[in-house]
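Novice: Listed in order, the protein sequences are those of chains B and W.
Okay, so the first sequence: first residue is 1 according to the working numbering, each after it adds one.
Okay, so the second sequence: first residue is 1001 according to the working numbering, each after it adds one.
Not one of these hints is a red herring.
With a cut-off of at most 16 Å between alpha-carbon atoms, the simulated EDC-like pairs for lysine to aspartate or glutamate come out as follows:
#1 Lys1032/W x Asp142/B
#2 Lys1288/W x Asp142/B
#3 Lys1032/W x Asp1176/W
#4 Lys225/B x Asp246/B
#5 Lys1288/W x Asp1176/W
#6 Lys1288/W x Glu1175/W
#7 Lys199/B x Asp186/B
#8 Lys1281/W x Asp142/B
#9 Lys199/B x Glu110/B
The set of hints was computed from the structure by calculation and includes no laboratory data.
Small disclaimer: the values here were computed from a predicted structure and weren't measured.
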Amino acid sequence: MAERILKNISSRGLKNALKGNDYRKEATISYAILIVGFILLQAGAATGLIGHNLQGQFVPICVYCSLAVSLNLVVGISGELSLGHAGFMAVGAFSGILVSRIIGPSLAFEPAVVLISMLFGALMAAAAGFVIGIPILGLRGDYLAIVTLAFGEIIRNLMNVLYFGLDNGRLRFAFNHSIEGIENADRIITGAIGATGTKTMATFTWGLLLCLFTVFVVLNIKNSKQGRAIMSIRDNRIAGESIGLDVRKYKLMAFVVSAALAGMAGCLFGLNYSTLVPVKFNFNTSVLILVFVVLGGVGNIWGGIIAAALLTVLPEAFRQFADYRMLTYAVVLILVMICTYNPTLKARITGIWSKIKPFKKQSESKGKGKNKKGRKGAA
Amino acid sequence: MTLLTNLISGLSLGSVYAIIALGYTMVYGISKMLNFAHGDVIMIGGYMSFIMTMYIGMNGWLAMLVAMVVCTLLGIMIERLAYRPLRGTGSLAVLITAIGVSYFLQNIALLIWGANPKMFTSLFKGMKPIHAAGGQLTITPESIFTILANVVIMILLTLFVSKTKAGKAMRAVSEDNGAAQLMGINVNQSISLTFAIGSGLAAVAGVLMLSTYPVLMPTTGAMPGIKAFTAAVFGGIGSIPGAMIGGLILGIIEIFSRAYISTELSDAIVFACLIIVLLVKPTGLLGKKISEKV
Chain B
1 MAERILKNIS SRGLKNALKG NDYRKEATIS YAILIVGFIL LQAGAATGLI GHNLQGQFVP
61 ICVYCSLAVS LNLVVGISGE LSLGHAGFMA VGAFSGILVS RIIGPSLAFE PAVVLISMLF
121 GALMAAAAGF VIGIPILGLR GDYLAIVTLA FGEIIRNLMN VLYFGLDNGR LRFAFNHSIE
181 GIENADRIIT GAIGATGTKT MATFTWGLLL CLFTVFVVLN IKNSKQGRAI MSIRDNRIAG
241 ESIGLDVRKY KLMAFVVSAA LAGMAGCLFG LNYSTLVPVK FNFNTSVLIL VFVVLGGVGN
301 IWGGIIAAAL LTVLPEAFRQ FADYRMLTYA VVLILVMICT YNPTLKARIT GIWSKIKPFK
361 KQSESKGKGK NKKGRKGAA
Chain W
1001 MTLLTNLISG LSLGSVYAII ALGYTMVYGI SKMLNFAHGD VIMIGGYMSF IMTMYIGMNG
1061 WLAMLVAMVV CTLLGIMIER LAYRPLRGTG SLAVLITAIG VSYFLQNIAL LIWGANPKMF
1121 TSLFKGMKPI HAAGGQLTIT PESIFTILAN VVIMILLTLF VSKTKAGKAM RAVSEDNGAA
1181 QLMGINVNQS ISLTFAIGSG LAAVAGVLML STYPVLMPTT GAMPGIKAFT AAVFGGIGSI
1241 PGAMIGGLIL GIIEIFSRAY ISTELSDAIV FACLIIVLLV KPTGLLGKKI SEKV
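Full structure from sequences and hints, please.
Specialist: Here is the structure:
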């Protein structure tokens, strides 16, 4: 009974209830994009069509795709603005690197090391998400955004003074490099210099597995009882509360799962570089991930994947126009936002589009309805 | 005595944050958007003032006036071109656009002035610091003028908002956009005016800040922008006295944690204080509690 009411108050939930194939469609498209993209890029690399610079971007592309999907769980599905996703990424990256350095020498099987590191990174990020999630429960809208921003900055600041070292197989850590016992140790994380001497174990295949796993988790949450509860709270919190949904529990759930997935992605990112500075995980990175989510369409899983991949590849491809690259990026970002969200421009663009494609008028109007709902979720 | 010295420099830094936070809080109050480009307007103001004094040989105060005019126009232009088309479409779209504007300003500055840091000449270069308590306490003219400027701006702005017709219109629009329009208030004009005032103040804040911390780069405005935004939320976003109190408290916390705890952790402490305040009072120190209706 409660399940039925739940479906009714969530507009998207209602649609899901009417058309059970929506989930399957979204899942098929998402997995197809990931696998086809993987095969195409692998083929490109094998035949030499893709240069070394771009090949170096394979793992970051996967990491950003995965981050876009996990942030979508908070921004799109839970409807809360998060500006500190890079903070969870940092937690996952540095704790994962730590584990890989500790168990790395004794465990010969490399994939196991990567897997254990990633799981530990996810665990630590989930713990961080839980801690930061508690104050978030009482906050709404923009106040929540600023707390996540503050959290991201705190993490980055703490990383700047954190020192980890191995001393004859024993782990030592300090908040100050001058503390005794750390100076002789084999350093793993050195404050603002970050993690050094990491064995780069991340491969493109791991990247694909990470993306597939993230999409699997997020899509399944979206299509579960809990997911519908989360979405109904997003669409109408008071209505959700009135039928007995525990708002705090569901918001926290979305937040912690998203943090854990970000930690996992961060760990793979960390294992991709032999040195990694904490500055990498600043506010700009959080914003970048948010831009992927918004440009891909808030709540749209595969849209985020495409946006993340394109926006990671394109700036790299236009490196020779270094001076104008970021300027163009900024202008394009503003123009895209205005063109997709301004009511009059949007109507005009859809009008032109339907003239070009006269056969698809019906599905076009369907698409428009979808957008409208996506926007409602964002507000 | 060091305590008093730290307190004064804390108040001075806090005053800068307060002036910047005014821009955030007024814009938020009237159009419910987080204007992330505000910090970069400070940077543009700094560069304008720098160019006017270094290359044109203008007097520092006159240069500040020019910077104010340029930033005011810039603020109006940003609102007109980037934010107005997106009004009423939800906070996320406007937020991303503001971030786009922020990237745009930073990269324009990078193209024109390069990435090398420039050394800003203090506005109060000729003045001597005041020595008190037998030479133990030194007060720089920068601190005095920054704190004074903050007080003057606060008084003028409060008077403007409560006494003048334009100020009352601004308050009406921030209270209820639609009702204000029905009362014959020109909403567009009010919002433009808010952006103009906020951006003009950002230029003043930029010059005052660079007088104390003279390194000028395209990314100079980013961190003070975020801190001032924090200050605005700290005091309760949308409230003018809140911005002032939030800014001052934040400045004092930052200087004190730098002096007594750790330089590297000062930012973390500032942000942790924000989280604690929001835990106790979810809408900031002076924020209004909004009750939701079904």
